[in-house]
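Peer 1: Residue numbers (the numbering used here), protein chains in the order written: chain A, 40 to 294; chain B, 40 to 294; chain C, 40 to 294; chain D, 40 to 294; chain E, 40 to 294; chain F, 40 to 294; chain G, 40 to 294; chain H, 40 to 294.
Wrong hints could be hidden among the right ones.
Below are the SDA-like pairs computed for lysine to any residue, each with C-alpha atoms no more than 25 Å apart in a straight line [said to hold, decoys possible]:
1. 53/F with 252/H
2. 86/B with 57/B
3. 86/D with 133/F
4. 131/A with 145/B
5. 53/B with 201/D
6. 209/C with 71/E
Here are a few chain H residues that sit away from chain G, every Cβ distance over 10 Å (derived from the structure) [stated by the list, open to error]:
7. 59
8. 72
9. 80
10. 93
11. 126
12. 129
13. 157
14. 158
15. 291
Read the hints as simulated data drawn from the structure, not as lab findings.
Each residue gets a CB set at the ideal place from its N, CA and C atoms; glycine is no exception.
There are 8 protein chains.
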Amino acid sequence: MENIQDRFNSLWHKWKNDELTFNEMIEKIKSLFVEDMGFANLDIDRKRRRGFPEAIMAEGKILVDLKKIIGKLFDRNEEIVLITKVKKDIAKELCDDFPDLIYKERAKVLYYQEKVPERLGKISLITAGSADIPVAEEARVTAEIRGSYIEPLYDVGIAGIHRLYLNREKFQNANAGIVIAGMEGALPSFVAGLVDYPIIAVPTSVGYGANLNGLVALLGMINSCVPGVSVVNVDNGYGAGYIASMINRKIEGRG
Amino acid sequence: MENIQDRFNSLWHKWKNDELTFNEMIEKIKSLFVEDMGFANLDIDRKRRRGFPEAIMAEGKILVDLKKIIGKLFDRNEEIVLITKVKKDIAKELCDDFPDLIYKERAKVLYYQEKVPERLGKISLITAGSADIPVAEEARVTAEIRGSYIEPLYDVGIAGIHRLYLNREKFQNANAGIVIAGMEGALPSFVAGLVDYPIIAVPTSVGYGANLNGLVALLGMINSCVPGVSVVNVDNGYGAGYIASMINRKIEGRG
Amino acid sequence: MENIQDRFNSLWHKWKNDELTFNEMIEKIKSLFVEDMGFANLDIDRKRRRGFPEAIMAEGKILVDLKKIIGKLFDRNEEIVLITKVKKDIAKELCDDFPDLIYKERAKVLYYQEKVPERLGKISLITAGSADIPVAEEARVTAEIRGSYIEPLYDVGIAGIHRLYLNREKFQNANAGIVIAGMEGALPSFVAGLVDYPIIAVPTSVGYGANLNGLVALLGMINSCVPGVSVVNVDNGYGAGYIASMINRKIEGRG
Amino acid sequence: MENIQDRFNSLWHKWKNDELTFNEMIEKIKSLFVEDMGFANLDIDRKRRRGFPEAIMAEGKILVDLKKIIGKLFDRNEEIVLITKVKKDIAKELCDDFPDLIYKERAKVLYYQEKVPERLGKISLITAGSADIPVAEEARVTAEIRGSYIEPLYDVGIAGIHRLYLNREKFQNANAGIVIAGMEGALPSFVAGLVDYPIIAVPTSVGYGANLNGLVALLGMINSCVPGVSVVNVDNGYGAGYIASMINRKIEGRG
Amino acid sequence: MENIQDRFNSLWHKWKNDELTFNEMIEKIKSLFVEDMGFANLDIDRKRRRGFPEAIMAEGKILVDLKKIIGKLFDRNEEIVLITKVKKDIAKELCDDFPDLIYKERAKVLYYQEKVPERLGKISLITAGSADIPVAEEARVTAEIRGSYIEPLYDVGIAGIHRLYLNREKFQNANAGIVIAGMEGALPSFVAGLVDYPIIAVPTSVGYGANLNGLVALLGMINSCVPGVSVVNVDNGYGAGYIASMINRKIEGRG
Amino acid sequence: MENIQDRFNSLWHKWKNDELTFNEMIEKIKSLFVEDMGFANLDIDRKRRRGFPEAIMAEGKILVDLKKIIGKLFDRNEEIVLITKVKKDIAKELCDDFPDLIYKERAKVLYYQEKVPERLGKISLITAGSADIPVAEEARVTAEIRGSYIEPLYDVGIAGIHRLYLNREKFQNANAGIVIAGMEGALPSFVAGLVDYPIIAVPTSVGYGANLNGLVALLGMINSCVPGVSVVNVDNGYGAGYIASMINRKIEGRG
Amino acid sequence: MENIQDRFNSLWHKWKNDELTFNEMIEKIKSLFVEDMGFANLDIDRKRRRGFPEAIMAEGKILVDLKKIIGKLFDRNEEIVLITKVKKDIAKELCDDFPDLIYKERAKVLYYQEKVPERLGKISLITAGSADIPVAEEARVTAEIRGSYIEPLYDVGIAGIHRLYLNREKFQNANAGIVIAGMEGALPSFVAGLVDYPIIAVPTSVGYGANLNGLVALLGMINSCVPGVSVVNVDNGYGAGYIASMINRKIEGRG
Amino acid sequence: MENIQDRFNSLWHKWKNDELTFNEMIEKIKSLFVEDMGFANLDIDRKRRRGFPEAIMAEGKILVDLKKIIGKLFDRNEEIVLITKVKKDIAKELCDDFPDLIYKERAKVLYYQEKVPERLGKISLITAGSADIPVAEEARVTAEIRGSYIEPLYDVGIAGIHRLYLNREKFQNANAGIVIAGMEGALPSFVAGLVDYPIIAVPTSVGYGANLNGLVALLGMINSCVPGVSVVNVDNGYGAGYIASMINRKIEGRG
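Given the sequences, and given the hints that come with them, work out the whole structure.
Peer 2: Structure below.
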């Protein structure tokens, strides 16, 4: 595919050479960046700008709109289509219409990928409990699609921290780490203290009582006494997978 | 219809001239302002005072009361009847009893309008995402009923802000703007920085995790570093449409 | 002064006609919009874009930086220089260096205005208590500089609401209203219920105990049961004056 | 019925005169004050101590326990049995077992009263909206059972405050007032400013968006700028009716 | 002094009889209710309406304004002048100018009272700790000025609740009670469980750590499991004294 | 069973004597501490380290994982299997598969215990209301399994505190106490003031309105003015039973 | 000293035998329990009831009151006098008047102890950072006065958790542990996972940014995923020392 | 310097070969990892483990302790000594004692570095306002010490976003970005939408009113609708510089 900068310059120069009027040039530029669907404006320039196309969050969207957006993405022959926070029944309806989509139930992720990339560079993916796994799996799909190698280590929270220690080889020598925890959210600080790579901390709403639906875990992680920890939203596995991939791809020379 | 001030004065002078006792005067004055329904006191003076009759919020009211209030408004031959936050099943029941009502499903608004006003003066109506559209549509109906011209621009949030830029002509040269966003709620500040008219910011509960059901978006908008932004309640499309209309009508010389 | 669009086009066409290289064009465009001071990037395009130049908030800036910014504004012969949240001792230091500046002590505002504009269009300015006056005065200076006529009515809170009623003529027939209150913040709702113009509500930190430094007033105003109220930040008199002026200028045909 | 102090003294003196051992005395004293049901300890002394027997909050109790408690109260021939926060289906089950109970659906109150007391002394009962009526009705039943005369005035919130003014005779000359409001919760301050009796303010969870389920209304009322307002919990109509009755009975010389 | 209703009627009838124009009547009516001082509008009708003149909160007002307001009150020959939240140095300055004022240092209250009223009717005044005494003393002055008899009982918190029990005669047989506590704020519930009169609970900011400056005590009191407790703002001794006096005066037949 | 320290030393010495390679030693050590199930890493060393095996919280785990974990525990012949926060329908499914499990419905606890221990040392277990009993029962099962004697005293909250006093013998002379309350959460402070042993306070979500789902009770307990009170999470009966048992076992010489 | 129960019984029997009137008996009983100082009611029964006399918190008390209370305690020949949260300048003033008092500056504790008790039973006292030491020292003095042996281990937070591991012998084999941390407050969970005794967790206000003055640490500890942790107020070293001592004394057979 | 693993193995093998007892081995191992100073346990292993030695936060530490720690670090010949959050007067005192320290006043950072590293790899460093510069400078020093090249771009917030656009070349083609903003905190989302590298967002306490000291900015950033943003604590420039350096060093092949 022709480089966008070239197409952009080409349009400018056509205007410069009076082959296009100013308005014609603007309209053509517009169509390089946005797909206007009335109820939605797809950011079709995102892959060029950020290295990865726009993902769709299913939550809060009605089914008919979801179908229109996904249909448009397939029409545009996007290499990757990624939809997050998809409940099982919605997933079923969407898979009926778009049989190329794959549903990962624990991760609540639907995706299509034209060709599976080689997975390079290690990202450690650690959860405090087994109830945190759905968030971890969302992160995993996100990062694997982007060609990262994921090393999972689940249910090694601080109630029995030797579970972490005794699996040290699993999370040493990585390019980035994703650490996921609910309740007091202490695990990311702990892992960060042992490694030389950045930790993306993901609080989860796992817990009960005064956990404030994950806000306590989030604020705990934000107040980490260990440098090297940065934090994304509660249950935001997608965001963590995205950032870790970005870092990993740069280190592996692909970013 | 005879002017209320005249009727008021007329009653006062009847009392002054001893054609009415003090108590008779008070009772007659009362009936100009309030319709006492026992469980509700309709503010029937609101149109005179504020330019627009009282709207009814369906949420929190039981069906039988809603029906009585709407019935009374039709009995009084109100030119406009507007009911907000109406769920689909309630809407169906009300439309069965009052077939003149029109239901806008996305907006969750029921309304009746005797004659459709000419739509003058432009109000821009911008959403960050497509999940914010229901709130936008509530604002739109509210403002259109009052004779404002609405220019919608949906799903142009800051994740791909060129979507906003490339549609600049849609929101330039307006009298007022309504900007609607969930999550971090940054879009209103952004739009405000580009225009010379007031922005009514509407936070929405769209998002997840630590969005505190829209409170984060609300407080973000309140702390806007851009002057020209004022804020209404989370998901309060009606309020935003109301204020923007007020401004628009004054500018168009109708207010 | 030559129109910016013309200068912009002129530069584009110089590039189109090869009188400028692309980089030379970009540098010249840049200088139309931004004044780069290293520690600050002045938005010198704001007046064109928004109708009013950038104001400077003194709070959080060190004195030496303030002086540099103000000096630059005077160097650029700006018609208006406005600095808010200026404590008395800082004001004194700045006035020593820039004797054209005028200090409004209650408002904590410093300003310079080349020529005083005619004050057209009425904006009502109402406070609940006398402790809210500093915030009101900040709004007043902001709006008067922009050529609005302000009608103040101070200390008429709901503890004795007849004080408001008996001064009804002061706030009727305005283009916009600014209503300022601390504690429970109820006054804006109340005023809004009586008028047909938009109310900009300003919560203040006035009060004690569980007022949460004005957050209670803010949330009360946000939850107003009266349509027509929008809210700015706690103690943000500047923002309220700015918005009310915007509305007023549009109505008066100057905006 | 014999006075409890007499029975208490009688027991003490029996011990003093060696007609009872110390332990026998304590056991007999205990039975004057507590009915031990294993899972519940009924405070059967409350009527003597506080003038009104213990009410039962249905919420949070399982049906079988509710039945046991109510059965015990009927067994003890209590003159009044009062159960609050009873959902309709639970009420039906309880009425089946205890046909003497009367259910007030709006108030969600179940009660039995041996003989209806004369209703003396006026308590004004005012709501901001019609959605606040259930809480008002809970207060009303509570106070009427205790022999207070209730003067209701519903749906007179500050969006059209003339509705309150024009009904001034309804809330003047009372012994106490209960004022109920959701959203910004401003009505109690307003009423308090007009009367010379204490106002019990009841915040409700009525509203939406950033109303924090009534917490905003509560804090608004707490920060009232008008002396004479005290506040009970969100939706606590029972508590407000209780306090207003206490005051009313003292004034009427019955307390 | 002539009754206000009479003077009001007299003015109305003068207008009715054309002895006054409408505007002259309004001006004269206005002067019965409000003293306009520019920066303040004194509510001079409050005594008639509510039984007690407006008190002045010193906090948040500048000295020069305080002096003007107090001067005006003395000029008007008010029988009572009450200023709350007055720091010692401000009090000194004010006493220098107005030597009739009395300063209660612990209560931080300044007041003048023409003649000391007989103190009738008992109000119990109980604090959890000795650090709560300043708030109690504010309540005490407020209530004593209004002719209530105060029975104080200080430092009897729940850490040693026998201190309360063994002083039972001090708080039995009262018309109303004020109970003041910081930290967890449990004392009001406790006292309320023992008496048959209403308890006004005053949270204080006494405590440390996660007491949230009294908000925890406030919310604890609001959630009291004991009916008969209503709550005022943190440290609001004035408000509590005001309400208790209102109740007391009604019971004593003076209200 | 051979002591773990011995097995650990034995492995170390085998490596020291070259009977094992370093890696072989590490693998064997690992298997003493962790049971790796892929989605879960069981902390099989916990009993040795802490005196009690890991309990399983059912909430947040899917049924198939729960079954795998429980199956593994039975396979390992654990003497105690304890699962908390188990809803009735889940309990039924699990009991079908593992008929040795016993379900305590009020406590929402499932457990298996090889042999019932003698119950020594008294722990008092007190609730404010009957709605707090489920949390109490969770604590009770937890502590009884560990061989503690529990003395329950339910529904003796501060609304009628004589219910506590008159049952003083039930909670005197214990080794530790668990006090459970919702709403304002005052009971633990109260009990602590009367005893010479530590009180574990458990806030519950019992209440309504501004109870913030138990956070108010929690913060109230944290701010207790009575030393000797420490607090666990809202509704955390398990945690309270665990701590009280720990203390009790140490005192009884078993810990 | 004669046993209080004996003195109590003796008084009861004197009344029983008519050697005392009822009122005389009550007055004499009162003097066994409370020392009424007007502004304070000393709980002089606390030592008997709880094993340790009342401590005085200096914060919030004025100097003159502090001196009166301390004077009274010395007059009563209390074996222990303990004053907490004493700033240096206040301490100096108090030591001038009461030279027997000893001031621990880091702990901000003043105390007097007639004879130093033998220190038995080990309590581990661990801090995350060196900035947490003042709180630890408050706990230490409190517990040492009561005859506990304290084993301190400071500055071993999770940023370098091997500092804890390598000092394992310091905190193994204790009767109770106090673990103190600010920021995210993760250390108590961590220590609890390694030991078989109860951990009293003390959050501190150490940290910055969104630490909410220790509330984040507190809520993190409350949500600990490790059973065996209970929590006291932010910076409440005294409370933690008190509880740990209680447990320790019971285990050592002194409680 | 000899490799730590080698020294560790050497000690183990000395024990294996009976040249050391077990306890001697442990003591020697300990001294490789921790420097025990009594009030502090320096983590002297951190450089090996994480690539960078422990930094010291001055806030919350007393001067004498700071001096001891810094002295120890110099004694140990650390190549880098970094102290953050150092107020000017403290800095002066420390520089007097340790003249090798350099103080960066805006950054409030004190540091010593044996030899200045080459600065490779670009990290963009962007602030919304000029008041955010101190936090940016803290990040800058942190990252430059670690050998990163920093490209600063200050005061380009969304009120005039063209300031960012027109400086696009400054932040394109970086390895990581640090974006710093107060108030609504929208800038990081905005920048992230334009780049293909990870953004570390730093909220600041810049702002006023309801900014909750930076918590609003923090939560806004956490709720970013743009993937690629992770967040550190309010005003935590050090943490952001640390993470960005980690990423940068890995990409540059030095990490």
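Peer 1: None of the hints should be skipped; say for each whether it holds.
Peer 2: Cross-check of the supplied hints:
{"no.": "1", "hint": "53/F with 252/H", "in the structure": "59 Å, violated"}
{"no.": "2", "hint": "86/B with 57/B", "in the structure": "31 Å, violated"}
{"no.": "3", "hint": "86/D with 133/F", "in the structure": "48 Å, violated"}
{"no.": "4", "hint": "131/A with 145/B", "in the structure": "24 Å, holds"}
{"no.": "5", "hint": "53/B with 201/D", "in the structure": "22 Å, holds"}
{"no.": "6", "hint": "209/C with 71/E", "in the structure": "19 Å, holds"}
{"no.": "7", "hint": "59", "in the structure": "16 Å, holds"}
{"no.": "8", "hint": "72", "in the structure": "5 Å, violated"}
{"no.": "9", "hint": "80", "in the structure": "4 Å, violated"}
{"no.": "10", "hint": "93", "in the structure": "7 Å, violated"}
{"no.": "11", "hint": "126", "in the structure": "13 Å, holds"}
{"no.": "12", "hint": "129", "in the structure": "14 Å, holds"}
{"no.": "13", "hint": "157", "in the structure": "28 Å, holds"}
{"no.": "14", "hint": "158", "in the structure": "27 Å, holds"}
{"no.": "15", "hint": "291", "in the structure": "25 Å, holds"}
Hint check: violations occur at hints 1, 2, 3, 8, 9 and 10; the rest are consistent with the structure.
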